[in-house]
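**Q** Chains as they are written, first to last, in the numbering used here: chain A, 1 to 379; chain B, 1 to 291.
A couple of the hints might just be wrong.
[Said to hold, decoys possible] Keeping only pairs whose Cα atoms sit at most 25 Å apart, straight-line, the calculated DMTMM-like set for lysine to aspartate or glutamate is:
#: 1; chain 1: B; residue 1: K116; chain 2: A; residue 2: D278
#: 2; chain 1: A; residue 1: K163; chain 2: A; residue 2: E132
#: 3; chain 1: A; residue 1: K163; chain 2: B; residue 2: D127
#: 4; chain 1: A; residue 1: K135; chain 2: A; residue 2: E338
#: 5; chain 1: A; residue 1: K268; chain 2: B; residue 2: D127
If you are wondering where the hints come from, they were derived from the structure by calculation, not from laboratory data. Since we're looking at a predicted model, the values are computed, not measured.
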Amino acid sequence: MGHRLLSYLLAAVFMLSGASAFAAPTIKIGALFSVTGPAAFLGEPERNTAVMVVDQINKAGGIKGKKIELIVYDTNGDATKAKQLVNKLIKNDKVSAIIGPSTTGESMAIINDVEKAGVPLISCAAGIKITEPVKKWVFKTAQNDSLAVARIYEYLQKNRLNKVAILTVSDGFGQSGREQLKAQAKKYGISVVSDDTYGPKDTDMSPQLTKIRGSKAQALICWGTNPGPAVVAKNARQLGLKMPVFMSHGVSSKKFIQLAGDAAEGLKLPSGKVIVADLLPASDPQKKSLMAFVNDYKKHYRAEGDHFGGHAWDAVMLLKGAIERGGDTPAAIRDQLEKTRQFHGIGGTFTFTSQDHAGLGKDAFVLVEVKNKDWVIVK
Amino acid sequence: MEQILQYSLSGIATGAIYALIGIGFSIIYNATGIINFAQGEFVMLGGILTFFFLDILQFPLWGAIILAVTGATLCGLLFERLAIRPLAKATPINLVIVTIGGSILIRGLAMLIWGKDTHSVPSFSGDNPIAIGSATLLPQHLWIMGITLAVICLNKYFFYHTINGKAMRACAYNPRAAGLVGIDVKRMVLLSFVISSAMGSLAGIIIAPLTMTAYDVGVMLGLKGFCAAIIGGMSTGMSVVVGGLLLGVLESLGAGLISSGYKDAIAFIILLLILFIRPQGLFGKAETERV
């Protein structure tokens, strides 16, 4: 008995001393991701990636000798919860910077809180209004829809297709795409001759496509996330639609090809570079980051790294760069983030300025085509 | 105007599905007097179980279909046994709420088992479109129309020429009198759940290659089937079929000719109009005893 008691005591002493050894100063970074709930397909890879990257940084000795402590909270995709948790991060955990949330709605909900507290936020959501107009403490890594639209229109202009039909899903993503498609058309000498929508749960889009088939359109642009565009692709094939069909970056994953099957062949869409990382020429400045991310993610989670994980990768790496250059106080991180120039990340090449907290250009997207159930880059 | 043909053909194919689901609603309504709002979930189960047996357990397509119908029917049977029968003294409104609860439970379990992703199911016989005049159809559309027709004929035969079918009709007219002449009313209620879950799952299976399947596809399809049943006056015969086809065609025409934004609105405007103006259904005679 006496021995056992003694060993317990010893263990307790060791644990205490161990704890104090670990209490060396760390840099606390908060993360809000919707790991569960309707936006889990965003939040889960984002969380996984952030944890993975922070682990790697710590294993390599941290940033300027300080380890990073990542505090992740799950928002359920709920804006109210995001607001509570951001306050917890700021007031209780006293973090130096925050990455996330995953969705535009949640990001908009917490902007006031980080602005008031003066903590830099790097959102992983795509909504253009997060950084437009520019907020002092708010940055983002996901590409704006407007860049994807510009990519398609550029291609259409080059190939002299100037009458398009648009078919957009009636949710936030589709609406934002529809606005951009209509707003930018003129700049590229393109006219929208048919403007239709479908519901996110619709199971048959052949009426809309029949109408488009009868219109003067020379190309069809469909804007939505799975599964709607796969149904559109199947219906288009059934109706023998002759015009080239373009999809949005919302379906740039293997899942789409799997859902649409043969009907996906020949479809083109703008996409971030993750899915074609291995096809990029070695001269592409993002190639190194992309390959590192894709390989690491595969090794850690036995799954393909995707765009969403990439947003979190960019957020962590941007913070790392800023802390290396400046220091780990919130104000120093913010100032250094704004001075980021030509950072070749996953989502694109970031250059933040005091007028631009989204930081990406058109080169963030490549136009890809589905061939033999895989992606090829359209030159 | 040549587009009208395409709109109509697309509408008929979708409408056939609505009809199958609608008849499922009617069968249970006639046997028990309740609207089974879990009907859409059996449609979902049909599609997702086919995916499960085909893609994950690697059964051949026909085996997967039979197993999926069996699985969904078993769920229907369990649902009646565990959720409906124990509440023998419940009022119809209680039972309706039980079915809503049941539908949420089934959907939740499907989400836990198969995840939130959409899954695709291959077509029964290829994807090469068939031209009919200026319009095109897929072989799968023919399957849908053919199977719907076959099921309706079987249904008719069952209800008018077999002893169990006649007994079920007797229960629909007057359960008390049916009980008095020796019909086991409880067994008929169970049978109605079995038949309608089998039909619902079949609808889910034949449409899955076109629309793909996920844990939450049952909600909208269920509601559309309910509209078809209301238009047809909750009968188990042709009027629900006509109701379903009418709904499908109007939806398709509305989306093509007026605006695609109103597609779902059309179904529900028709539903409301029928409930306001002709609650006995488009073709039914006003009955005084059935409120």
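**Q** Now tell me if each hint is right for this structure.
**A** Hint check:
1. B:K116 x A:D278: Distance of about 29 Å is beyond 25 Å: violated.
2. A:K163 x A:E132: violated (30 Å)
3. A:K163 x B:D127: Not OK: K163 of chain A and D127 of chain B at ~29 Å, beyond 25 Å, violated.
4. A:K135 x A:E338: Holds: K135 of chain A and E338 of chain A sit about 11 Å apart, inside 25 Å.
5. A:K268 x B:D127: holds (21 Å)
Taken one by one, the earlier hints fail for this structure at numbers 1, 2, 3, listed in ascending order.
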